[in-house]
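Quick note, the sequences are listed as chains A and B, same order. Heads up: the first sequence runs through residues 1 to 374, numbered per the numbering used here. Heads up: the second sequence runs through residues 1 to 249, numbered per the numbering used here.
Errors might be hidden in some of the hints.
Now the stretches of chain A that chain B is said to cover, found in silico as 3 or more residues with beta-carbon under 8 angstroms [said to hold, decoys possible]:
#: 1; stretch: 24-35
#: 2; stretch: 88-97
#: 3; stretch: 196-209
Just the calculated beta-carbon pair ranges, DEER-fashion [claimed, not checked]:
#: 4; chain 1: B; residue 1: Leu-36; chain 2: A; residue 2: Ala-53; range: 37 to 43 angstroms
#: 5; chain 1: B; residue 1: Trp-68; chain 2: A; residue 2: Arg-14; range: 47 to 53 angstroms
#: 6; chain 1: B; residue 1: Tyr-187; chain 2: A; residue 2: Glu-235; range: 31 to 37 angstroms
#: 7; chain 1: A; residue 1: Ser-104; chain 2: B; residue 2: Val-62; range: 33 to 39 angstroms
#: 8; chain 1: B; residue 1: Leu-81; chain 2: A; residue 2: Gln-32; range: 49 to 55 angstroms
#: 9; chain 1: B; residue 1: Phe-102; chain 2: A; residue 2: Asp-306; range: 34 to 40 angstroms
#: 10; chain 1: A; residue 1: Glu-42; chain 2: B; residue 2: Leu-6; range: 56 to 62 angstroms
#: 11; chain 1: B; residue 1: Trp-68; chain 2: A; residue 2: Ala-53; range: 37 to 43 angstroms
No lab work stands behind these hints: they were computed from the structure. Idealized CB from N, CA, C, for every residue including glycine.
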Amino acid sequence: MPGDSGGSVGLSWRAAPFDGPPLRYQVFFGEQERGPYTQLAEFPANSHYKSDADRPWWSWDRTKNVHFYQVKSTRTLNLVNGRPYFFKVALTDGTQSLEGPGRSAVPEPNLFNWNKANNFLLMIVFSTLVLISISQAKRRPNIFLRRIPGLDAVEEAIGRATEMGRPILYLTGSDDMSSLSTIAATVILGQVAKRTAALDTQLKVPHRDPIVMAVCQEIVKESYLEAGRPDAYREDSNFFITSDQFSYAAAVDGIMLRERPAANFFMGFYYAEALLLTETGAGTGAIQIAGTDADLQLPFFITTCDYTLIGEELYAASAYLSREPVLVGTLRGQDQGKAFLLISMVIGTILATIGALTGTQTFVPVLQLFRDFK
Amino acid sequence: MATSVLIGAWVAAGLTLFMFSFLYKDNPFFRFGEHLYVGVSMGYTIVRIHYDVMMKSLYGPVAQEGKWWLLVPALLGLLVLTRFIPKVSWLSRISFAVIVGFGSGVAIPRIISSNILQQVQGTLKPLLNAGSSRFGMAELNALLILTGVLTVLVYFFFSIEHKGAIKIAARIGVYFLMVYFGAAFGYTVMARMSLVIGRFDDLILFASRDYAYASVVLLILVTLGLLLWERGSTGLTTGGQRRTQTPPA
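Using the sequences and the hints given, assemble the complete structure.
Below, the structure is given as structure tokens:
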């Protein structure tokens, strides 16, 4: 089957001129050419055309007079890659049946899923935009970035903790290093650590993922070096609690109550523990800054934190704080990508509306470029 | 009733009450529950990783099925442990590079698929139809979705200044976001309420005669414990030393 990872076979056969509602096709499967064959499916003879398949025009021959049926592995039928299987198609009117010869087919995995070529194309387009923007940002470092109120408060929060002589608590979220929000959280941690190093404020970063902890240890150490205060770096500023969601929340709540940090940072992705953490933090009177792309938790952060970075603002934060050309350029490239999508959506909606009003299929190929095919 | 079930009910009711005692304030009962919870979860995780990862996914396939290539990720895992030896701790970066690179590689196509293509696909709907009523509820929905997506996108432009038409569009985008957050807030609070109801259900069940009135007895004990702790702690200074009391004349 084109574009799949194996374990399935696509059957196609030319439609007969007399195909119609009283007639039905039956699909049979056998492990040997001589049989026995078992029936897999039965459907009206005027259905299951190749052109009915929900597949993109660039990877699928949409011939109208060819029938198509995909045999997939199920609990009862296990198609092993590389092994030949046999299939038969019969045409029946209920009383008589006309059976075709048995044909063999071998399920094989494909290296490329061409259905997802638009996904790849968009990645190339966006990557190119980002790379061009980065090179522009390197030449012209003062690219405009709009003010993000939550980020202005970062400096204020660190200053407050310094004045009060209390630690800063920084959480990197509940996801692992494969999550974009965790990566963004670790980048912001680097910036916060630079400031805490300069002001000699204690930084505490409790973790629930050992890999994230190890990455954060490197980042914090690096930041203290860059700030010229390697002596102030404490190996135990990053520490592991547990990987369990709610026991981690209980432990962090305990830290908030006993050590009374002056500022709490909640960056990264959070689940149901979000409110447990931020409500306790708000109860201790700490200034709280959150940044997450966990849309279900955002309302809780907004209600319990002083400042919240919403969604992509979290990714923008690292660029805004560091002003590094690579990050600023990336942000600019992303903006261009968004502008491209915005324009595409306006044009696409106009084309879809014209298509709906006139019944024309002319714009379907264009609209398919923005569809997610499996 | 089996003794193990009875013990389980008492432990569950007791720990639930210990955790709920946090609603009063931080206290020794909560601290005991918290530390026990962290310890048990950590112990459970270690045992689970030993059986599910070390034995099932590594030792079994390598020793019994000869899948020697699984030693490569095992070696990468061991390199993480070099962090404990300062002289060779740089080796752990190899593992992290692989993890971050692999994570990004997996995430990129998934994000383009779910955050871009599916989003755009859901937005590209006709705003008028060929039927008798050209603009029905479906079209109104499509218009609202399109307006919401476009204005929220405008709000998330960072490299252009929000003024003029952009500012108005971004403002509308913020209203859309707030409506969504309000709805999500209500939805999630309702879900959390059901969790609280579940806990209270258990406490009520354990308060019955079958469970030897576990919830009631433990509630009384926790309350008494808190009273005693409060009496004890009011007699202490913040430094942990007992106040010197003037003897009665």
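Here's how the hints hold up against the structure:
1. Check result for the stretch 24-35 of chain A against chain B: violated, 0 residues qualifying (beta carbon to beta carbon below 8 angstroms, three or more required).
2. Evaluation of the coverage hint for the stretch 88-97 of chain A: breached, as 0 residues show C-beta separations to chain B shorter than 8 angstroms, against a requirement of three.
3. Coverage of the stretch 196-209 of chain A by chain B is violated in this model, with 0 residues showing a Cβ closer than 8 angstroms to a Cβ of that chain against a need of three.
4. Between Leu-36(B) and Ala-53(A) the CB atoms are about 57 angstroms apart, so this pair departs from the stated range of 37 to 43 angstroms.
5. Taking the beta carbon of each, Trp-68(B) and Arg-14(A) are about 49 angstroms apart, inside 47 to 53 angstroms as hinted.
6. In this structure, Tyr-187(B) and Glu-235(A) break the distance hint of 31 to 37 angstroms, their C-beta atoms being roughly 43 angstroms apart.
7. Evaluation of the 33 to 39 angstroms hint for Ser-104(A) and Val-62(B) yields a pass: the beta carbon distance comes to about 37 angstroms.
8. One distance hint, 49 to 55 angstroms for the beta-carbon pair Leu-81(B) and Gln-32(A), holds here, with the actual separation near 53 angstroms.
9. Separation of Phe-102(B) from Asp-306(A) is about 36 angstroms and conforms to the stated range, judged on CB atoms against 34 to 40 angstroms.
10. At roughly 58 angstroms, the beta-carbon separation of Glu-42(A) and Leu-6(B) lies within the given 56 to 62 angstroms, and the hint holds.
11. Taking the beta carbon of each, Trp-68(B) and Ala-53(A) are about 42 angstroms apart, inside 37 to 43 angstroms as hinted.
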